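Enquirer: Sequence:
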Amino acid sequence: MRTSKKIALAPATMSEFDGVRFLHLDSIWVQGAMRIRKPQALELDYIKRMMAWMLWRPENEINQGHAVQLGMGAAALTRFTHKVLRMQTTVVEINPSVIAACRAWFHLPDDDKRLTVLNTDAAKWVADDANLQTVQVLNVDLYDQDAASPVLDDEAFYAGCHRVLDDGGVMTVNLFGRDASFARTARRVAQIFGSDQVWSLTPTKEGNTILVAARGVQVPDRDTLERRAANIESRFELPARKWLRMVRPLPQSIINPAS
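Counting from 1, position 155 in the sequence shown corresponds to residue 208 in the numbering used here; the numbering is continuous, with no gaps.
If you are wondering where the hints come from, they were derived from the structure by calculation, not from laboratory data.
Accuracy of the hints is not assured; some may be wrong.
The calculated lysine to any residue pairs, modelled on SDA-like cross-linking and capped at a C-alpha distance of 20 Å, are [claimed, not checked]: (1) K166 to Q141; (2) K177 to I152; (3) K295 to E112; (4) K295 to Y99; (5) K91 to E286; (6) K166 to Q93.
Keep in mind it's a predicted model, so treat the numbers as computed, not measured.
Please put together the full structure from these sequences, using the hints given.
Expert: Below, the structure written as structure tokens:
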């Protein structure tokens, strides 16, 4: 969200069902989830797919570098990069009640030498020169209580995301793939990152589509991708071979709609 507009931040609330705890922003929409007995595991399908960046990282670098989440949700990605991958992790969240809820209900640890939680505006963070090319992995999931569309979704924001990524860095963005806005957002990202550096996964049954964008990554051959996927499944118990079957380059109808 942009702080230039004075907006009311919805309070974070919680519900539980069948062993899963859900985060809400004072509405019925789910903003994140955690299986209570397995807090480090990724529960929601779209959150698992946001880890598809792992396919674009060399095996010896897969859990190295700085991982940043813009939008905390229920801190699932934060817990995973910090506790499981043991990466340097920063999370940027504008709503203080979300941070408090994650610490009270969703096993978000206190800050330490590898974890920094910032209560600030994601747009300001990506525009800060201090963060220029400091990030290897960027996860973007910025929705408010209406969950209608990303609250930051313009060219300036995605240009900021590109500038904070280091060479070889990868970004994943949660979008609604069946929404008319998906093509517009994907086109914006492709214009900034380059059409050969942007891919998407097929939508989840709920309609979430993960967009993947990289900064200067040479796409590996199929054998390398399959080896990486097998390694990810073996080490981290994530469905990486399934991701590989879902990944598609952006179609020309999105990149050049007038052609």
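Enquirer: All hints, please: hold or fail.
Expert: Now the hints, each set against the structure:
Of the supplied pair hints, the one linking K166 and Q141 holds, its CA atoms being roughly 8 Å apart against a limit of 20 Å. A distance of roughly 18 Å separates the Cα atoms of K177 and I152; the hinted pair therefore holds under the 20 Å criterion. Restraint check for K295 and E112: the C-alpha separation of about 18 Å stays at or below 20 Å, so the hint holds. For the proposed pair K295 and Y99, the alpha carbon gap of about 13 Å is at most 20 Å, so the pair holds.
With a C-alpha separation of about 18 Å, the suggested pairing of K91 with E286 holds against the 20 Å cut-off. Straight-line distance between C-alpha atoms of K166 and Q93 comes to about 19 Å, which keeps the hinted pair within the 20 Å bound.
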